[in-house]
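Chains A and B, in that order, give the protein sequences. The first sequence begins at 4 in the numbering used here and counts up by one. The second sequence begins at 4 in the numbering used here and counts up by one.
If you're looking for bench data, these hints aren't it; they were derived computationally from the structure. Please note that a few of the clues may not be correct.
Since the list gives no way to pick out one identical chain from another, each pair is judged satisfied if it fits inside one copy or across any two copies.
Listed below are the simulated DSS-like cross-link pairs for lysine-lysine, each with C-alpha atoms no more than 25 angstroms apart in a straight line [to be verified]:
{"no.": "1", "residue 1": "K197", "residue 2": "K19"}
{"no.": "2", "residue 1": "K197", "residue 2": "K330"}
{"no.": "3", "residue 1": "K6", "residue 2": "K168"}
{"no.": "4", "residue 1": "K34", "residue 2": "K171"}
{"no.": "5", "residue 1": "K197", "residue 2": "K6"}
{"no.": "6", "residue 1": "K330", "residue 2": "K200"}
2 protein chains.
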Amino acid sequence: MEKIRIGITGYGNLGKGVESGLEHFPDMELKAVFTRRDPAGISIRSHGVPVLRYDEIGSYRDRIDVMILCGGSATDLAEQAPVVAGMFNTVDSFDIHARIPEYYGRVNEAALSSRHACIISVGWDPGLFSVARVYSNCILPNGNDYTFWGPGVSQGHSDAVRRIKGVKDAKQYTVPVESAIEKVRRGENPELTKRQKHTRLCYVVPEEGADLNSIERMIRTMPDYFDEYATTVSFISAETLHREHGRMPHGGFVIRSGATGENGINRHIIEYSLKLDSNPEFTSSVLLAYARAAYRLAMRSDFGAKTVLDIPPAMLSALSGAELREKFL
Amino acid sequence: MEKIRIGITGYGNLGKGVESGLEHFPDMELKAVFTRRDPAGISIRSHGVPVLRYDEIGSYRDRIDVMILCGGSATDLAEQAPVVAGMFNTVDSFDIHARIPEYYGRVNEAALSSRHACIISVGWDPGLFSVARVYSNCILPNGNDYTFWGPGVSQGHSDAVRRIKGVKDAKQYTVPVESAIEKVRRGENPELTKRQKHTRLCYVVPEEGADLNSIERMIRTMPDYFDEYATTVSFISAETLHREHGRMPHGGFVIRSGATGENGINRHIIEYSLKLDSNPEFTSSVLLAYARAAYRLAMRSDFGAKTVLDIPPAMLSALSGAELREKFL
Chain A
4 MEKIRIGITG
14 YGNLGKGVES
24 GLEHFPDMEL
34 KAVFTRRDPA
44 GISIRSHGVP
54 VLRYDEIGSY
64 RDRIDVMILC
74 GGSATDLAEQ
84 APVVAGMFNT
94 VDSFDIHARI
104 PEYYGRVNEA
114 ALSSRHACII
124 SVGWDPGLFS
134 VARVYSNCIL
144 PNGNDYTFWG
154 PGVSQGHSDA
164 VRRIKGVKDA
174 KQYTVPVESA
184 IEKVRRGENP
194 ELTKRQKHTR
204 LCYVVPEEGA
214 DLNSIERMIR
224 TMPDYFDEYA
234 TTVSFISAET
244 LHREHGRMPH
254 GGFVIRSGAT
264 GENGINRHII
274 EYSLKLDSNP
284 EFTSSVLLAY
294 ARAAYRLAMR
304 SDFGAKTVLD
314 IPPAMLSALS
324 GAELREKFL
Chain B
4 MEKIRIGITG
14 YGNLGKGVES
24 GLEHFPDMEL
34 KAVFTRRDPA
44 GISIRSHGVP
54 VLRYDEIGSY
64 RDRIDVMILC
74 GGSATDLAEQ
84 APVVAGMFNT
94 VDSFDIHARI
104 PEYYGRVNEA
114 ALSSRHACII
124 SVGWDPGLFS
134 VARVYSNCIL
144 PNGNDYTFWG
154 PGVSQGHSDA
164 VRRIKGVKDA
174 KQYTVPVESA
184 IEKVRRGENP
194 ELTKRQKHTR
204 LCYVVPEEGA
214 DLNSIERMIR
224 TMPDYFDEYA
234 TTVSFISAET
244 LHREHGRMPH
254 GGFVIRSGAT
264 GENGINRHII
274 EYSLKLDSNP
284 EFTSSVLLAY
294 ARAAYRLAMR
304 SDFGAKTVLD
314 IPPAMLSALS
324 GAELREKFL
């Protein structure tokens with residue numbers, strides 16, 4: 004069997020996750036890694052796979068079936084994706100919710116005119132959580148949605164804390180409020196404020212002689228990021244941060260609470276949850292499953308931009324329809 | 004907007020659930036109910052909707068877009084579905100796992116030759132649980148699957164107890180073992196026997212003067228149904244059974260425990276769970292969402308038998324692709 008030829012653009016946590024994840028996708032093989040850094044300075048795990056400059060990507064047009072874009076949404080994808088969609092089938096994890104319609108439009112245009120299949124915003128939110136929300140809304144139209152995130156490290160919030168004067172390093176955990184989740188699970192349909200849904204936990208390494216009270220106040224009052232939440236700030240050493248907070252766990256819960264029957268007498272709860280040791284490695288695995296779907300879409304000439312909502316579950320699997328019906332239905 | 008014209012075949016718990024569920028699917032309308040009983044003896048909730056004999060179904064060919072088959076798998080669907088697929092787009096809840104390949108083949112043949120779209124085995128298991136299993140297996144190929152059912156009433160097991168001599172009435176609950184679920188959630192990947200996953204709880208109304216010890220022994224030793232499980236038998240009055248066990252709750256958990264990274268160092272848990280007050284009403288809601296998909300498949304001339312694994316999430320929704328991307332992605 005011909006393997007699906009995969010390319011990776013961007014060799015950060017996500018790109019590395021795709022590379023190591025390929026071990027469990029035997030119908031795919033890595034053909035090349037493209038980077039905007041100096042390729043000479045990058046050593047990858049895969050033997051015999053070239054690391055190339057991003058601007059050489061065009062020369063691989065006929066040697067790669069699906070390019071997995073592993074850059075950041077704002078800095079890389081917004082610019083790269085429409086360009087790469089003009090040359091390859093792609094999968095990416097664009098996650099700036101408010102900009103998705105515009106991004107979709109640009110990728111769609113490029114993909115349609117170059118006859119490629121490009122699946123955007125793949126991951127877990129947007130991604131699997133979006134899928135869970137659509138299924139449960141369609142099945143229980145009379146109901147309420149709840150999404151809780153965490154416990155997990157938020158990169159954006161950690162960065163915001165690191166930018167405060169006197170902060171050397173920091174990690175921020177978003178923590179869902181267990182009692183709120185329990186209320187939702189019991190079908191109480193509570194109205195929840197931001198504060199009632201999540202708390203925020205900051206581990207901060209201060210610079211020598213920094214004003215700890217000032218740092219704590221700056222964090223707690225930071226608009227949008229912290230001011231509407233119950234926030235706990237703990238000052239720790241660089242060693243402790245490295246030792247105890249070096250991983251990137253995350254996860255969350257999507258819950259739909261709905262009712263059927265006369266006067267909504269019967270209540271139903273649909274819950275989808277993730278508990279992830281490594282946010283980037285899990286996201287990489289999702290990207291790989293959808294790379295298979297992008298390849299299949301292209302094989303059947305179903306071109307243009309797609310999202311996870313457009314892809315049937317069967318298209319993610321290497322098994323045939325008959326095998327899936329027998330094993331999984 | 005033209006509404007999707009729905010027909011119901013079979014007016015038991017499932018058919019009634021479809022009828023009442025339609026209230027929350029404003030893009031659909033009920034056109035007729037077909038029954039194998041005497042229509043004169045059946046009064047339905049919907050005003051102005053005719054109740055007709057099953058053998059009149061053919062006369063509605065041009066007046067119904069999707070026929071929802073609400074009969075039992077063994078007694079009704081196995082025989083009706085291929086016939087009705089020759090006249091209508093259909094949705095059904097055929098749930099005898101072992102017979103699905105053969106059933107699929109017969110419905111597929113009828114649907115292809117009559118140019119209809121027929122989605123089989125829709126519900127929650129098979130159905131939403133199958134969808135959850137395929138997603139999580141594709142995303143975490145290196146892992147283990149666990150499905151737990153309940154707490155909920157098992158119709159098959161309740162019937163088995165009712166057939167025992169001296170039993171007037173009975174209800175059987177399947178109960179998942181909480182400590183086993185917790186082990187799975189912690190990523191311990193336990194090997195679990197049937198006994199370690201579920202217990203069985205029987206509420207039995209004995210006939211006057213029946214030998215209770217004998218009934219209890221008959222239940223506990225019944226092959227396949229009870230002999231491999233820890234089973235609790237409680238004798239209660241008919242009144243108590245009616246008062247406390249009159250509903251049909253059910254649900255369950257599909258959990259995938261997988262690993263990524265070097266030597267599988269990072270573990271991930273994907274969990275999908277349902278907690279349902281009314282098993283038939285929830286199943287009816289799932290049927291309605293997939294009726295919309297059957298209609299769409301037919302509109303795009305994508306004929307033949309399909310399963311939930313072939314249907315993209317977006318196809319279940321009344322919203323456009325752009326609306327879904329904006330609201331749910």
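Q) For which of the previously enumerated hints does the structure constitute a violation, in increasing order of number? A) 1, 3, 4, 5
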